[in-house]
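S.K.: Here's the letter readout for the chains.
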Amino acid sequence: MSRQQPLEGPGADGDEAIAAAGAGRAEVLTGRPIRVVVAKPGLDGHDRGAKVVARALRDAGMEVIYTGLHQTPEQIVRTAVQEDADAVGLSVLSGAHLGLFRRVLELLVEAGAGDVVVFGGGIIPPDDVATLEALGVGALFTPGASTREIVAWVRQHAALRHG
Amino acid sequence: MPIPPLPFDPASLVEAARAGDERALARLVSVAEGGGEPAARLARLVPFQPPASWQVIGLPGSPGAGKSSLAAALIGVYRAEGRRVAVLAVDPSSPYSGGALLGDRVRMQAHGLDDSVFIRSIASRGHLGGLSPALPDVLALVAACGYSTALVETLGAGQAEVEIARHADITAVVLAPGFGDAVQLSKAGILEIADVLVVNKADLEGAEALRRALEQALDTAAGAGDTAAGAGGPSRRLVRPTRPPVLRTCARTGEGVPGLVDALEHQLAALAASGELARRRRAAVVARIEAVWRELVSARFEDPTARARLDDLAAGVLAGDLDPYSAARQMSGS
Numbered sequence: 001m002s003r004q005q006p007l008e009g010p011g012a013d014g015d016e017a018i019a020a021a022g023a024g025r026a027e028v029l030t031g032r033p034i035r036v037v038v039a040k041p042g043l044d045g046h047d048r049g050a051k052v053v054a055r056a057l058r059d060a061g062m063e064v065i066y067t068g069l070h071q072t073p074e075q076i077v078r079t080a081v082q083e084d085a086d087a088v089g090l091s092v093l094s095g096a097h098l099g100l101f102r103r104v105l106e107l108l109v110e111a112g113a114g115d116v117v118v119f120g121g122g123i124i125p126p127d128d129v130a131t132l133e134a135l136g137v138g139a140l141f142t143p144g145a146s147t148r149e150i151v152a153w154v155r156q157h158a159a160l161r162h163g
Numbered sequence: 001m002p003i004p005p006l007p008f009d010p011a012s013l014v015e016a017a018r019a020g021d022e023r024a025l026a027r028l029v030s031v032a033e034g035g036g037e038p039a040a041r042l043a044r045l046v047p048f049q050p051p052a053s054w055q056v057i058g059l060p061g062s063p064g065a066g067k068s069s070l071a072a073a074l075i076g077v078y079r080a081e082g083r084r085v086a087v088l089a090v091d092p093s094s095p096y097s098g099g100a101l102l103g104d105r106v107r108m109q110a111h112g113l114d115d116s117v118f119i120r121s122i123a124s125r126g127h128l129g130g131l132s133p134a135l136p137d138v139l140a141l142v143a144a145c146g147y148s149t150a151l152v153e154t155l156g157a158g159q160a161e162v163e164i165a166r167h168a169d170i171t172a173v174v175l176a177p178g179f180g181d182a183v184q185l186s187k188a189g190i191l192e193i194a195d196v197l198v199v200n201k202a203d204l205e206g207a208e209a210l211r212r213a214l215e216q217a218l219d220t221a222a223g224a225g226d227t228a229a230g231a232g233g234p235s236r237r238l239v240r241p242t243r244p245p246v247l248r249t250c251a252r253t254g255e256g257v258p259g260l261v262d263a264l265e266h267q268l269a270a271l272a273a274s275g276e277l278a279r280r281r282r283a284a285v286v287a288r289i290e291a292v293w294r295e296l297v298s299a300r301f302e303d304p305t306a307r308a309r310l311d312d313l314a315a316g317v318l319a320g321d322l323d324p325y326s327a328a329r330q331m332s333g334s
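So the protein sequences, as listed, match chains S and W.
Using this note's numbering, you'd call the opening residue of the first sequence number 1 and step up by one each time.
Using this note's numbering, you'd call the opening residue of the second sequence number 1 and step up by one each time.
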């Protein structure tokens with residue numbers, strides 16, 4: 001089950017559901033701080049990057065929910081649901097990014113949270129970046145990316161969700 | 001099987017949340033947090049009708065005292081009793097950026113997949129006192145959705161602790177060795193609001209000394225049945241039917257946690273028997289109405305007609321025809 005590009009908004013059935021739900025959307029979401037879950041899935045224990053990004057997002061006025069290390073995709077998606085997050089950022093340096101990102105995307109859709117935008121970072125080879133973006137990961141920030149760039153991306157795409 | 005994204009209108013969200021849809025509950029918490037007219041509409045849809053077994057446990061304490069770890073350990077015990085548990089972890093928003101880094105879940109992820117545990121991080125969003133103004137609304141929501149225990153974890157010293165004590169049925173102040181001596185403790189207002197005092201990290205050096213210091217402070221402070229001096233009028237005072245017990249816990253190993261749950265239940269029963277629990281719940285509602293009333297009054301300051309009138313009165317004061325006190329009285333009479 002592949003995920004629609006978040007850039008184009010949720011999938012067709014999601015669009016209809018949102019349209020049917022009517023005007024409450026903007027009223028509820030407009031003006032609230034963007035809420036982002038920053039998560040470390042899988043087995044690697046290198047959380048410096050995740051913490052730097054979490055701080056940068058906080059300093060940009062967002063509410064950042066940090067999950068800590070060694071999270072399963074199930075835990076991350078449950079966190080995103082309970083926290084009513086607009087975006088989920090995943091940091092993977094173990095090499096298991098393909099499986100982990102894919103699973104998080106699948107579970108989000110299954111949980112009815114397919115409109116949550118997903119981004120990520122870590123040591124991810126260029127070929128895999130293309131694969132992940134095709135799966136529905138909105139953006140990937142590999143070493144050298146600036147926090148400013150990440151903040152700008154999250155702000156723009158979470159705002160799209162806010163509609 | 002994908003579920004379609006949620007609607008946003010409160011009525012269908014409330015219906016879904018009551019039926020057990022956690023996404024709907026999570027979104028309603030956002031609605032409550034957002035305040036304004038949507039929150040008011042939501043409050044009309046969700047009157048506060050807690051189940052008979054409802055309990056709100058406040059867990060204030062200094063950063064690093066182990067509140068989140070203790071909350072995680074408490075979840076375990078309450079779940080074993082068959083209770084559904086909601087954890088509301090309140091952290092301050094940055095006064096500079098308005099953002100917040102909410103990390104309390106890190107310690108609770110062991111319960112992250114339990115269907116009967118709802119964990120939500122809440123930023124204070126600039127509210128003085130460190131608590132979210134939406135907290136009472138969120139408590140009403142989780143009560144309506146079938147949770148019987150609410151754990152409210154909050155940072156706190158002084159004012160913020162007093163505020164959590166106003167919204168909780170019972171308050172367990174969490175302390176750990178290494179955060180100052182008994183003088184610091186009495187300064188921070190800890191003794192006034194605690195129904196139970198918890199010395200966490202009991203495996204660390206200094207835990208026993210801290211426990212003794214607390215007992216001594218209790219000896220010299222108000223005795224059983226005395227009122228604690230809270231800010232504001234007598235309706236806000238906490239009355240403790242018994243002396244607060246001082247308990248040692250180690251959240252990491254779970255040691256002492258069942259004893260803490262017993263103590264909380266014992267104290268809650270005493271509060272209920274003495275009528276203090278009912279009085280506290282009423283005082284919490286009074287505080288909530290006051291807060292909303294204050295918001296309504298503040299909103300009048302933004303009214304363009306009132307602003308224009310204010311401007312005219314200011315001209316009068318400048319011309320020497322009027323003094324600021326009389327002008328303000330005219331404004332509030334309008």
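In case anyone wonders, no lab produced these hints; they're calculated from the structure.
On a predicted model such as this, the values are computed, not experimentally measured, just so you know.
There's no promise every hint is true.
[Stated by the list, open to error] Derived list of chain S stretches under chain W, where covered just means 3 residues or more per stretch with a C-beta under 8 Å from a C-beta of chain W:
#1 69 to 81
#2 89 to 98
#3 109 to 118
In this text, a Cβ means the ideal position worked out from N, Cα and C, and glycines have one as well.
S.K.: For the segment 69 to 81 of chain S, do at least 3 residues have a Cβ located nearer than 8 Å to some Cβ of chain W?
M.R.: This one holds; 6 residues, not fewer than the three required, reach chain W with a Cβ under 8 Å.
S.K.: Take the segment 89 to 98 of chain S, compare each residue's beta carbon with every beta carbon of chain W, and decide whether three or more fall closer than 8 Å.
M.R.: violated (count 0)
S.K.: How does the coverage statement for the segment 109 to 118 of chain S fare against chain W, requiring three or more residues with Cβ below 8 Å from a Cβ of that chain?
M.R.: Check passed, 7 qualifying residues.
Hint 2 from the earlier list is the only one contradicted by this structure; the remaining hints agree with it.
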